[in-house]
Amino acid sequence: MATLDEAVPPGEVQDAPADPRRRDYLAIGAVAWAGVGAGVIALPLINQMSPSADVLALSTTELDVSAIQPGQSIKATFRKQPLFVRNLTPKEIAEADATPVSDLRDPQTLEDRTKPDKKNWLVTLGVCTHLGCVPLGAGEGENKGPFGGYFCPCHGSAYDTAGRIRSGPAPTNLTVPEYEFISDTTIRVG
Amino acid sequence: MSFPWAKQYEPKHPLMKWVDDRLPLPRFVYNAVGAGYPVPRNLNYFWNFGVLAGMFLALQIVTGIVLAMHYAANAGIAFDSVEHIMRDVNAGWFIRYAHANGASMFLLVVYIHIARGLWYGSYKAPREMVWLLGVVIFLLMMATAFMGYVLPWGQMSFWGAQVITGFFSAIPGVGETIRVWLLGGFAPDNSALNRFFSLHYLLPFVILGVVILHIWALHIPGSNNPTGVEVKSEQDTVPFHPYYTAKDGVGVGVALLIFAALIFYAPNLLGHPDNYIPANPLSTPAHIVPEWYFLPFYAILKAFTFDFLWIPAKLWGVLAMFGSILLLFFLPWLDTSPVRSANYRPTYRIFLWILLVDVLVLGYIGGAAPTPAVILIGQIATIYYFAHFLLILPIVSMMERPRPLPNSITEAVLAGKGGTSPAQTALATE
Ligand code: HEM
Ligand code: FES
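Line by line, the protein sequences are chains A and B. When you line the first sequence up against this note's numbering, it's residues 443 to 632, in that order. When you line the second sequence up against this note's numbering, it's residues 60 to 489, in that order.
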């Protein structure tokens, strides 16, 4: 008994070379076109999950930092995430500068992480770069960890006074968001 | 499918005959869990746990659908709507406690079900597909339970969502983009809560579908048994109904008693008090822990605190955690011993007991604060977990001299050793 492939459709010449047949072009073309269609339909189904316009709209925050004394820090919010603004003491700056950059997991100097002439203002997201907990150390009396900066209680990541990762599982330094000083005492984040 | 001596479905009532000719669903049920399914005669109570898992899945679906009638998946009111269920809805507290503790019972019976498979070698040929589908169900259950725990939008819900979606940010390059896409924002918020609810509603039905495949795959070779020796003749089996429907009924009664004791006497025993504090994106609880059933995997995640071979610690942790489960997919091929049941494998069973202790240690470490000692013990236990599957198991399978197997299930039963349990094997003098 002939298989489907060998069967000769009525009307076709028996001895014509059967490979590839016109029918295969039609079949492959039709299925490929349906595949393209499925792909196009999938796009909006995937893209609907990305942040919506109202979420993206919360993208800048202005902060008055004049009340933060050296050694103090505040917790604010930026894009619904915690933001730490810290006024470093000269001692904390010296500690950060004394650390050899080559020893660091994510090598950066304090200058790299602050604005020119504003080396005492450390602005970072309060989001541990490991799995996203809020590290301790910005609030009054919180555990600043072994390096005097921030300490994440979730899995024990310790950051130094420049917000750089020094021990524990976090891969990178605390993120410094895009920001600028719009006056001597006001910053705009985002 | 099944054995030649399986009883045949014979509808007596003309209506049933009429149905059978058009949609043989009653026949299907008869062959699956009725008198038409011949089962080894020597199953012990560890074989109850499959039916128990099915029962808890059904209970989760029923209590869940009822909860969804009162719950509001909106970050502004989700927490209050759960309190509304607890205080205002008639019997709402009962339904919610049944659902929350039902998840724990479900995971508990599934863990025992998996351990049963490990002890009696049920993952081996010809039942690999049953095992693989089981691991798929386990993964789906973990996803479902995680997303369910986010719904009450308490502190543990929120921070659990933050930490677990944080896993995806470990993927090199595109990780952060994927995380933001999954959450629909930069941190868990309304969009995340809504999609988790949608998926939490969906996944149990996907699980139900895979369970049907799991049982289908099981019924091709038929059930394994405590001796691990295949069924050879009709006298090795009894019909599922009434023999095992009755035996399973005993287990169902015991499981429901324990379940009721939890609901009525200790409904918050397995929960975490911090989840009765509304979600606060600005303050992480001092000590984030997942639900008890995730603790061993959480310990593996936390064990990686240092970069190693160009791979950052964070990625190691996430890879190891997923790897510890994905490893189970390879188990049928890592264990090359022709003997199934640990009752006849004197070396393997010692290591299986050690593995059980190791997983319990991991569970303890997963819930403990990350002090240096805790991290070190977690690292050792993590190494042991992987060593068990990747080193010990293949080597033991090659070196071990199994004890002589009975010629048939019936022979073992008549010698009084047909249904030997792990505890009896451990106590028996060699
Ligand atoms: C595989 C089966 C399921 C598992 C393992 C599971 C697990 C969970 C867990 C752990 C919670 C959190 C409980 C708490 O702490 O309050 C939860 C909540 C919830 N689940 Fe499920 N669930 C399952 C099936 C379902 C189904 C089928 C529905 C139906 C729509 C559902 C609807 C809900 C709702 C509305 C909540 C929020 C109310 C609450 O927090 O008590 N679940 N689920
Ligand atoms: S989230 Fe900070 S150490 Fe894991």
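Among these hints, one or two may not hold up.
Said to hold, decoys possible - Example chain B residues on the side facing chain A (calculated, C-beta under 10 Å, incomplete):
1. R81
2. P83
3. P344
4. P391
5. T395
6. A428
Read the hints as simulated data drawn from the structure, not as lab findings. Each residue gets a CB set at the ideal place from its N, CA and C atoms; glycine is no exception.
Practice item. With chain A as the partner, please determine if R81 (chain B) meets the hint condition of a C-beta pair closer than 10 Å. Key: This interface hint is violated because 31 Å lies over the 10 Å limit.
**Study point:** Supplied contact hint for P391 (chain B), tested at 10 Å Cβ to chain A
**Key:** It is violated, given that the least Cβ distance between P391 (chain B) and chain A is near 33 Å, above 10 Å.
Check your understanding: Taking the least C-beta to C-beta distance, is P344 (chain B) closer than 10 Å to chain A?
Key -> holds (8 Å)
Check your understanding: Once the shortest beta carbon distance from T395 (chain B) to chain A is found, is it less than 10 Å?
Key -> violated (36 Å)
Exercise for review: Go through the hint on A428 (chain B) and say holds or violated, using the shortest Cβ distance to chain A against 10 Å.
Suggested key: A428 (chain B) check passes; min Cβ-Cβ to chain A is 8 Å, inside 10 Å.
Review point. Under the criterion of a CB-CB separation shorter than 10 Å, is P83 (chain B) in contact with chain A as hinted?
Key: This hint is violated: P83 (chain B) lies away from chain A, its Cβ roughly 30 Å from the closest one there, beyond 10 Å.
The structure fails hints 1, 2, 4 and 5 (numbered hints given earlier, in ascending order).
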